[in-house]
Amino acid sequence: MTKNERSELLPGTLEMLILKTLSIGAMHGYGIAQHLQQLSQDVLQVEEGSLYPALQRMQLKGWVSSEWGLTPTKRRARYYKLTPLGKKQLAQEVAEFDRMLLAIQRILGTA
Amino acid sequence: MTGPIDAFATLVRRVRFYLTRERFERELAEEMEFHVEMKARDQERTGMSADDAEWAARRRFGNVTRVKDATGDVMTVGWVEAAIQDARYARRSLRQSPAFAAVAIASLALGIGATTAIFTLVNAMLLRPLPFPDAGRLVLAFQTTTPGVFFPVDSMPWTYDKYRRLRALVPTFADAGFSSWDEFNLRRTGLAAGGRAEPAARVRAELVTTSLFSTLGARAILGRTITAADSSPAATGAVAVLSESLWRRHFNADSGVIGTSAVLDKLPVTIIGVMPASFTGIREHAEMWVPIEAVSELDSPRRRQQLEGEMGAVVARLAPNATLATADGQLKAAARRLNAVFPPPAFGPRKATWSAGVVGFAEARRHPLIRPLLLVLSIAAAGVLLIVCANLAGLLLARARAREAEMGLRIALGAGRGRLVRQMLTESMVLAVLGAAPGLAIAYGGAVALARIRPMLPPDYILLRSVDLLQGASLTPDWRVLTFAVAVTLAVGFVFGIAPALAASRTNIAELIKVAATAGQRRERAAVARS
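Protein sequences appear in the order of chains U and H.
For the first sequence, the working numbering assigns the number 1 to the initial residue and increments by one for each residue that follows.
For the second sequence, the working numbering assigns the number 1001 to the initial residue and increments by one for each residue that follows.
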């Protein structure tokens, strides 16, 4: 993929996307990165390292919890899981995002 | 949407981060290694070489150090980190000049110690409430005679007889007690057979009404205090309560002293309790308390008559909603009525009348000289502290000149002026705190020494105000003294540190570079001249 086919992530949406990814199941950091890359069909550009500060922030706020475990290939990795508080936060952020999207579309529609 | 519980949980997580910092960083490094390895392996599967795959994976990941920092930064609290750094820097810089540090800490210890010592005395004599429950409601009733012809004093003792009549006349006194004073020869009796005869000791006893202990609300550390039930003597005589010092001196601090008997002059008594060291009765150096009602029944009729006229003090506890003014008014009215029954002695042609008044019990015990004396001492101590501060500010300013190069470097590297001031202030605060620890020791020692050289006024019948306030008072630092010491330490650290801090932050780099450059040129020229 060439660079100009990728778009920058909207600010503030990284956490929402991570929460959504984790709502499917527990995952380690690399798994989340893979998931985001594949599902967005490589459109969304995420510097993979930036996942970690975001995950740390979400842990601090109690939306996500982490635990060391073993991968299917018996390697040690840290798995992240959504907490009930995180689920609530996800619902809120998705609702907010939808609202904002609708507003933008309305403006563009009448432009 | 964070409530207080969530905020608390967040705080707990931050604290845990600080405690397990090393493990956090280790695990984060491991996690990121894993991520990059997995990515590299995936790239290899698409046909890249091992080296290229790893390079691509790292590139995609981003700057590892930056990610580590960013992740760590999420957890830290900005100003705490800066403060910890400042403290470490201050400690290192003080270690490098031990002579300066020693002088500074010694003078700080003296200054803080002297000031806190005086405050300990102020606290013990003026601020600390009496060790009785609801001590603010305790008052002392005094009587005066007008015109003040014969006794040039402001308070006259009541007679026991008058006290008994007074109680009915002043309803705002919820409870009251009378305390008179006498000296006796105390001899223990009923000791185990084979014990040698104890010599008699001269003790000062207070003859108190059985209501006194309940008025004050004082409690014994051993046994019990005198209650209303003790007003008529038992077969074994009257009861008696010992002071803590008497118990130690003559009864060997024996916990089995309750129930033993003794003889006061010819009066048989049974010991029923021991009072704590902080309880010193109404008079100075009272060592025993005996119920006056029981004594008057036991003794000879002549003594009984004497007791009616026994002179003493009246202490009362005001009713819950009564004010001092109401009690005062009622007492004055009562005194007027008593004038009829007990006409005051005539002093020549002028006719005198009794009057009376009421004053807070704590206030009544304070000699009028105490406040001015303590004020003078406080001013002296404050003077010492100011001199210490000025001295230290001077020392620090001189030191700042020597550290100009270091300050210049820090400014050149981008340190803001505020940061430099904070750094220097941290240094002076650290010095102040280091001086406060020995300072507290000096304060305690100084207070004890000052207390020991206080003038001992002889016990006085009439002037209640000469009561020794430090008798039985504990001089160990309580919360007030400690708070004062902390406040003084912080204030001192700020006062002597602010001027050097501001001066250091104003270091002019341009000047420094010029000086350094000319010094460098001189060295070069000297080197050339030598070759």
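Just so you know, these hints were derived from the structure itself, not from any lab.
Warning: the hint list may mix true and false statements.
Stated by the list, open to error - Below, in silico cross-link-like pairs of lysine to aspartate or glutamate (EDC-like), each with a Cα-Cα straight-line distance of 20 Å or less:
1) U:K88 <-> H:E1037
2) U:K74 <-> H:E1027
3) U:K81 <-> H:E1031
4) H:K1068 <-> H:D1042
5) H:K1068 <-> U:E67
6) U:K81 <-> H:E1030
7) U:K88 <-> U:E47
8) U:K87 <-> H:D1042
9) U:K61 <-> H:E1033
10) H:K1068 <-> U:E93
11) U:K74 <-> H:D1073
12) U:K74 <-> H:E1033
13) U:K74 <-> H:D1042
14) U:K74 <-> H:D1069
15) U:K74 <-> H:D1006
16) U:K61 <-> H:D1069
17) U:K61 <-> H:D1042
18) H:K1068 <-> U:E15
The structure displayed is predicted, hence computed values, not measured ones.
Each hint tested on the structure:
A hinted pair counts as satisfied when its Cα atoms are at most 20 Å apart, and K88 (chain U) with E1037 (chain H) does not qualify at roughly 34 Å. At roughly 17 Å between alpha-carbon atoms, K74 (chain U) and E1027 (chain H) fall within 20 Å of each other, so this suggested pair holds. Between K81 (chain U) and E1031 (chain H) the alpha-carbon distance is near 16 Å, which keeps this suggested pair within the 20 Å criterion. At most 20 Å may separate the alpha-carbon atoms for a hinted pair to count; K1068 (chain H) and D1042 (chain H) exceed this at roughly 23 Å.
With a CA separation close to 19 Å, the supplied pair K1068 (chain H) and E67 (chain U) stays within the 20 Å bound. For a cut-off of 20 Å, the pair hint linking K81 (chain U) to E1030 (chain H) stands: about 19 Å separates their Cα positions. The hinted pair formed by K88 (chain U) and E47 (chain U) fails the criterion: a straight-line CA distance of about 27 Å is larger than 20 Å. This hinted pair does not check out: K87 (chain U) and D1042 (chain H) have alpha carbons roughly 31 Å apart, beyond 20 Å.
Among the hinted pairs, K61 (chain U) with E1033 (chain H) is inconsistent with the structure: their alpha-carbon atoms are about 25 Å apart, more than 20 Å. Straight-line distance between C-alpha atoms of K1068 (chain H) and E93 (chain U) comes to about 27 Å, which puts the hinted pair past the 20 Å bound. As the CA atoms of K74 (chain U) and D1073 (chain H) are separated by approximately 31 Å, the hinted pair breaks the 20 Å bound. A hinted pair counts as satisfied when its Cα atoms are at most 20 Å apart, and K74 (chain U) with E1033 (chain H) qualifies at roughly 16 Å.
At most 20 Å may separate the alpha-carbon atoms for a hinted pair to count; K74 (chain U) and D1042 (chain H) meet this at roughly 17 Å. A threshold of 20 Å between alpha carbons decides the hint, and for K74 (chain U) with D1069 (chain H) the separation of about 29 Å lies outside it, so the pair is violated. Restraint check: the Cα-Cα separation between K74 (chain U) and D1006 (chain H) comes to about 36 Å, which exceeds 20 Å; the hinted pair is violated. In summary, the hint linking K61 (chain U) to D1069 (chain H) is supported, as the alpha carbons are separated by about 19 Å, within the 20 Å threshold.
Proposed proximity of K61 (chain U) and D1042 (chain H) is contradicted: the alpha carbons are some 33 Å apart, above 20 Å. Between K1068 (chain H) and E15 (chain U) the CA atoms are separated by roughly 18 Å; this keeps the pair inside 20 Å, and the hint holds.
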